[in-house]
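Okay, here's what each chain looks like letter by letter:
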Amino acid sequence: MKKKQQYELGEAIKNFYETKPLQSDLAKSVANKVFGRRKEAAPVFDRWLYAFAAILFAAGMIYCFSIVRQFSLSLISLVLIPAACYIGLSVKEHWLISKKLLSFQ
Amino acid sequence: MQKGLDETYLVNEVLSGSREAFVKLIKQYEGLVLHIVTPLIGVNEDREDICQDIFMKVYERLNTFQFRSKLGTWIGHIAYNTSINFLQKKRNILLSSIESPENETSFLEMSNVEFNNPEQIIIREEDINQLNSAIDKLTEFQKTVLLLFYRDEMSIDEINQITGLPVNTVKSHLFRARNSLKQLLNQKKTL
Chain A
148 MKKKQQYELG
158 EAIKNFYETK
168 PLQSDLAKSV
178 ANKVFGRRKE
188 AAPVFDRWLY
198 AFAAILFAAG
208 MIYCFSIVRQ
218 FSLSLISLVL
228 IPAACYIGLS
238 VKEHWLISKK
248 LLSFQ
Chain B
126 MQKGLDETYL
136 VNEVLSGSRE
146 AFVKLIKQYE
156 GLVLHIVTPL
166 IGVNEDREDI
176 CQDIFMKVYE
186 RLNTFQFRSK
196 LGTWIGHIAY
206 NTSINFLQKK
216 RNILLSSIES
226 PENETSFLEM
236 SNVEFNNPEQ
246 IIIREEDINQ
256 LNSAIDKLTE
266 FQKTVLLLFY
276 RDEMSIDEIN
286 QITGLPVNTV
296 KSHLFRARNS
306 LKQLLNQKKT
316 L
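Chains A and B, in that order, give the protein sequences.
All residue numbers for the first sequence refer to my numbering, where the first residue is 148 and numbers rise by one.
All residue numbers for the second sequence refer to my numbering, where the first residue is 126 and numbers rise by one.
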């Protein structure tokens with residue numbers, strides 16, 4: 148198609164004048180202010196990763212039970228109680244840190 | 126004028142609390158608001174805040190919109206007033222001193238015929254790049270009126286509703302903007 152050689156003022160402004168766009172996503176930031184922040188959906192990759200980790204965890208648990216059944220109750224308690232304490236404290240610490248980080252935002 | 130979703134539907138959806146409808150409304154009228162705010166405020170950090178402020182006001186006042194005018198005109202009016210209020214606070218000057226072009230009466234007597242039958246301004250393809258910088262050299266009000274008239278295809282009456290400036294003042298700004306542009310573009314050709 149042959150390019151046009153000249154333009155009437157209105158036509159030129161409509162087609163070629165550009166107002167510099169805003170740096171931020173106006174619609175999103177105003178909607179967030181009005182309706183509050185919406186939790187973003189987890190990306191597809193993360194969802195598959197969580198599913199895979201859950202299956203792995205379940206398989207591990209079943210395997211552990213099959214091994215643990217061979218030992219006495221006192222020996223099992225000796226391992227399980229410190230492990231439960233360790234996991235419990237770690238979860239609590241993680242929860243406290245994330246709460247502190249959120250209050251900074 | 127911007128065409129998009131049906132105004133009544135969009136407004137009712139926003140009023141019923143739809144986030145998606147509000148996002149669509151902002152996207153639909155963001156350009157118009159930018160064409161009003163940018164010439165008056167300039168490209169800076171304040172522009173971002175003012176645009177957000179305008180759409181917050183639109184949301185707060187949307188239940189008072191009675192469809193007597195186009196939604197774009199109503200939003201444009203909020204955008205213009207917010208920008209002018211900001212300018213007045215920042216520069217500490219009266220609106221009247223910046224909105225009235227000089228010798229408006231003489232303009233009305235001499236140029237009404239000329240305004241209604243404007244001389245065509247033809248821009249050659251090689252001069253298109255100079256158009257943006259020429260427009261940026263116009264005064265704030267000339268730029269606003271020019272962009273609303275040509276870029277958003279608004280009528281003089283609609284610009285009058287948005288800015289609250291008398292019809293003749295709007296015509297005067299537009300007439301002077303066209304003349305200044307013509308001079309600026311011709312100057313560059315001779316250089």
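Treat the hints with caution; some may be incorrect.
Claimed, not checked - Reference excerpt, derived from the structure (chain A facing chain B, CB under 10 Å, subset only):
hint, residue
1, Q152
2, Q153
3, E158
4, Y164
5, T166
6, P168
7, S176
8, V181
9, L227
10, A231
11, C232
12, Y233
13, L236
14, E240
15, H241
Unchecked claim - Partial chain B-side listing against chain A, Cβ under 10 Å, derived:
hint, residue
16, R144
17, V148
18, K149
19, I151
20, K152
21, V168
22, E170
23, R186
24, I253
25, N254
26, N257
27, Y275
28, E278
29, D282
30, G289
31, L306
Stated by the list, open to error - Result set (DSS-like, lysine-lysine): computed pairs, CA atoms no more than 27 Å apart in a straight line:
hint, chain 1, residue 1, chain 2, residue 2
32, B, K195, A, K161
33, B, K195, A, K180
34, B, K152, B, K182
Rather than coming from a laboratory, the hints here were simulated on the basis of the structure.
Just so you know, even glycine gets a beta-carbon here, dropped at the ideal spot from N, CA and C.
Okay, the hints, checked on the actual structure:
no.: 1; hint: Q152; in the structure: holds (6 Å)
no.: 2; hint: Q153; in the structure: holds (5 Å)
no.: 3; hint: E158; in the structure: holds (9 Å)
no.: 4; hint: Y164; in the structure: holds (6 Å)
no.: 5; hint: T166; in the structure: holds (5 Å)
no.: 6; hint: P168; in the structure: holds (7 Å)
no.: 7; hint: S176; in the structure: holds (6 Å)
no.: 8; hint: V181; in the structure: holds (5 Å)
no.: 9; hint: L227; in the structure: violated (48 Å)
no.: 10; hint: A231; in the structure: violated (43 Å)
no.: 11; hint: C232; in the structure: violated (45 Å)
no.: 12; hint: Y233; in the structure: violated (43 Å)
no.: 13; hint: L236; in the structure: violated (40 Å)
no.: 14; hint: E240; in the structure: violated (36 Å)
no.: 15; hint: H241; in the structure: violated (32 Å)
no.: 16; hint: R144; in the structure: holds (5 Å)
no.: 17; hint: V148; in the structure: holds (5 Å)
no.: 18; hint: K149; in the structure: holds (8 Å)
no.: 19; hint: I151; in the structure: holds (4 Å)
no.: 20; hint: K152; in the structure: holds (5 Å)
no.: 21; hint: V168; in the structure: holds (5 Å)
no.: 22; hint: E170; in the structure: holds (9 Å)
no.: 23; hint: R186; in the structure: violated (13 Å)
no.: 24; hint: I253; in the structure: holds (5 Å)
no.: 25; hint: N254; in the structure: holds (8 Å)
no.: 26; hint: N257; in the structure: holds (6 Å)
no.: 27; hint: Y275; in the structure: holds (4 Å)
no.: 28; hint: E278; in the structure: holds (8 Å)
no.: 29; hint: D282; in the structure: violated (17 Å)
no.: 30; hint: G289; in the structure: violated (22 Å)
no.: 31; hint: L306; in the structure: holds (7 Å)
no.: 32; hint: B:K195 / A:K161; in the structure: holds (21 Å)
no.: 33; hint: B:K195 / A:K180; in the structure: holds (26 Å)
no.: 34; hint: B:K152 / B:K182; in the structure: holds (16 Å)
In summary, the structure is inconsistent with hints 9, 10, 11, 12, 13, 14, 15, 23, 29, 30 from the numbered list given earlier, while agreeing with the others.
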